[in-house]
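The primary structure of each chain is shown beneath.
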Amino acid sequence: MAGLAFEDFKVGDTASYGRYALTRDEVISFASQFDPQPMHLDEAAGAASILGGLAASGWHGCVILMRLIADNVLAGGMGEGAPGIDQVRWLRPLRPGDVFSARHEVLETRVSRTKPDRGFVRFRFELVDQDGIAVMEQTNSIMFGLRGPGGTA
Amino acid sequence: MTAFLEELVVGRTEVLGSHTFTADEIKTFAAAYDPQPFHLDEAAAAASHFGALCASGWHTAGIWMRLMVEYAQRQSEERIARGLPVAEMGPSPGFRDLKWLVPVYAGDTITYSATLRETRLSASRPGWGLATHDNEGVNQKGQTVFSFTGTAFWQSRGAQA
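Protein chains in written order, with this note's numbering: chain A, 1 to 153; chain B, 1 to 161.
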């Protein structure tokens, strides 16, 4: 996938892509900057927490998914950002050593009423670990430019 | 890290703190996690519908989280100084209705807050409950740039017994 525009997405489309190996150093570095809770910084504190061991910030999961989407869906294409996120569910802890990929399903597509040269594609994304288990689920729309505004394609 | 679930007051707003987004940190964050042209390069951003370099929405969210944790740590230190027990904050099962309403441009200062919407005891984890907050970020012009509703595990008084 590359160079994608609004017209390239159809309801029901699915895709799997990317690879992101999460290291202990990165878990701690991200948490130090954005979520300095002990359970994201230290093995013993993680083990004593509900997470049951050192685990990444949930926001770290969001940005890993973002990176996978940026590299594999948005790169070189007509993506114009997202107005928001309908829902994120953090299903399982993200552990150092996990290797993640992403998958998505297209839920909805609609051309903007006010700006007919762009449209919204609504996705359900999953961040998936090396065993194929979803650790996080995210539903949101991304704005894309139309390749042929006013056309029928 | 803070007050116990039962001490939280529905409707109360806590001002967590402020952060000024520099162009350098916007680009550093975007290069690592959200490499879209309007977060990486002034000229590309000027040509986009954003009109100028702006932060990844996840960067805006990440700073909320940091300020929330730092706020809770300050609350905790105050409680310890007063001889009060301190509750733990737990992980979050998720959030909803996150909105990036206005771009956060280089040089903007965002002030973040959290307003308690509701609390409930956890059915599955004795000694824990869940607290749901409506959170937002407001820029120096008074525009709300960011909002979401988040839920986190929160230690209950019951856990002290």
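These aren't lab readings, by the way, just hints derived from the structure by calculation. Just so we're clear, the structure is a prediction, and the values are computed from it rather than from any experiment. Every residue, glycine too, gets a C-beta built ideally from N, C-alpha and C. Possibly wrong hints are sitting among the right ones.
Said to hold, decoys possible - Subject to a maximum C-alpha distance of 30 Å in a straight line, what follows is the list of computed DSS-like cross-link-like pairs (lysine-lysine):
id: 1; chain 1: B; residue 1: 99; chain 2: A; residue 2: 115
id: 2; chain 1: B; residue 1: 99; chain 2: B; residue 2: 141
id: 3; chain 1: A; residue 1: 115; chain 2: B; residue 2: 27
id: 4; chain 1: B; residue 1: 99; chain 2: B; residue 2: 27
id: 5; chain 1: B; residue 1: 141; chain 2: B; residue 2: 27
id: 6; chain 1: A; residue 1: 10; chain 2: B; residue 2: 99
id: 7; chain 1: A; residue 1: 10; chain 2: B; residue 2: 141
id: 8; chain 1: A; residue 1: 10; chain 2: A; residue 2: 115
Said to hold, decoys possible - To give a feel for the contact side, a few chain B residues facing chain A, derived at Cβ under 7 Å:
id: 9; residue: 4
id: 10; residue: 35
id: 11; residue: 69
id: 12; residue: 71
id: 13; residue: 151
Stated by the list, open to error - With beta-carbon atoms standing in for the labels, derived distance ranges:
id: 14; chain 1: B; residue 1: 96; chain 2: A; residue 2: 50; range: 42 to 48 Å
id: 15; chain 1: A; residue 1: 25; chain 2: B; residue 2: 109; range: 18 to 24 Å
id: 16; chain 1: A; residue 1: 113; chain 2: B; residue 2: 158; range: 36 to 42 Å
id: 17; chain 1: B; residue 1: 115; chain 2: A; residue 2: 87; range: 35 to 41 Å
id: 18; chain 1: B; residue 1: 37; chain 2: A; residue 2: 11; range: 25 to 31 Å
id: 19; chain 1: B; residue 1: 75; chain 2: A; residue 2: 21; range: 21 to 27 Å
id: 20; chain 1: B; residue 1: 31; chain 2: A; residue 2: 137; range: 38 to 44 Å
id: 21; chain 1: A; residue 1: 108; chain 2: B; residue 2: 75; range: 38 to 44 Å
id: 22; chain 1: A; residue 1: 124; chain 2: B; residue 2: 116; range: 40 to 46 Å
id: 23; chain 1: B; residue 1: 157; chain 2: A; residue 2: 3; range: 55 to 61 Å
id: 24; chain 1: B; residue 1: 157; chain 2: A; residue 2: 20; range: 36 to 42 Å
id: 25; chain 1: B; residue 1: 115; chain 2: A; residue 2: 137; range: 40 to 46 Å
Tested hints:
Straight-line distance between C-alpha atoms of residue 99(B) and residue 115(A) comes to about 19 Å, which keeps the hinted pair within the 30 Å bound. A distance of roughly 18 Å separates the Cα atoms of residue 99(B) and residue 141(B); the hinted pair therefore holds under the 30 Å criterion. Of the pairs offered as hints, the one joining residue 115(A) and residue 27(B) holds, with about 28 Å between alpha carbons and a cut-off of 30 Å not exceeded. Pair hint residue 99(B) plus residue 27(B) holds up; C-alpha atoms about 21 Å apart against a cutoff of 30 Å.
A hinted pair counts as satisfied when its Cα atoms are at most 30 Å apart, and residue 141(B) with residue 27(B) qualifies at roughly 23 Å. A hinted pair counts as satisfied when its Cα atoms are at most 30 Å apart, and residue 10(A) with residue 99(B) qualifies at roughly 24 Å. Distance check on the hinted pair: residue 10(A) and residue 141(B) sit about 40 Å apart at the alpha-carbon level, beyond 30 Å; violated. With a C-alpha separation of about 20 Å, the suggested pair residue 10(A) and residue 115(A) falls inside the 30 Å cut-off, and the hint holds.
Residue-level restraint check for residue 4(B) is violated (minimum Cβ-Cβ distance to chain A is 16 Å; threshold 7 Å). A cut of 7 Å between beta carbons decides the hint on residue 35(B): the least distance to chain A is about 5 Å, and the hint holds. Contact between residue 69(B) and chain A, as hinted, is supported at the beta carbon level, the nearest pair being about 5 Å apart and thus within 7 Å. Hint on residue 71(B) is violated. Least Cβ distance to chain A is approximately 12 Å, over the 7 Å limit.
Look at residue 151(B): its Cβ only gets to about 10 Å from chain A, farther than 7 Å, so that hint breaks. The supplied range of 42 to 48 Å is broken by residue 96(B) and residue 50(A), whose beta-carbon atoms lie about 20 Å from each other. Here the CB-CB span from residue 25(A) to residue 109(B) is close to 31 Å, at odds with the stated 18 to 24 Å. Range check, residue 113(A) to residue 158(B): about 51 Å between beta-carbon atoms, so the 36 to 42 Å window is missed.
Between residue 115(B) and residue 87(A) the beta carbons are some 20 Å apart, a value that contradicts the proposed interval 35 to 41 Å. Look at residue 37(B) against residue 11(A): about 28 Å separates their beta carbons, and that is inside 25 to 31 Å. A hinted range of 21 to 27 Å for the beta carbons of residue 75(B) and residue 21(A) is inconsistent with their spacing of about 36 Å. Checked against the given bound of 38 to 44 Å, the beta carbons of residue 31(B) and residue 137(A), roughly 26 Å apart, lie outside it.
In this structure, residue 108(A) and residue 75(B) meet the distance hint of 38 to 44 Å, their C-beta atoms being roughly 42 Å apart. Checked against the hint of 40 to 46 Å, the pair residue 124(A) and residue 116(B) fails, with Cβ atoms roughly 29 Å apart. At about 57 Å, the beta-carbon gap between residue 157(B) and residue 3(A) stays in the expected band of 55 to 61 Å. Checked against the given bound of 36 to 42 Å, the beta carbons of residue 157(B) and residue 20(A), roughly 40 Å apart, stay inside it.
At roughly 26 Å, the beta carbons of residue 115(B) and residue 137(A) sit outside the given window of 40 to 46 Å.
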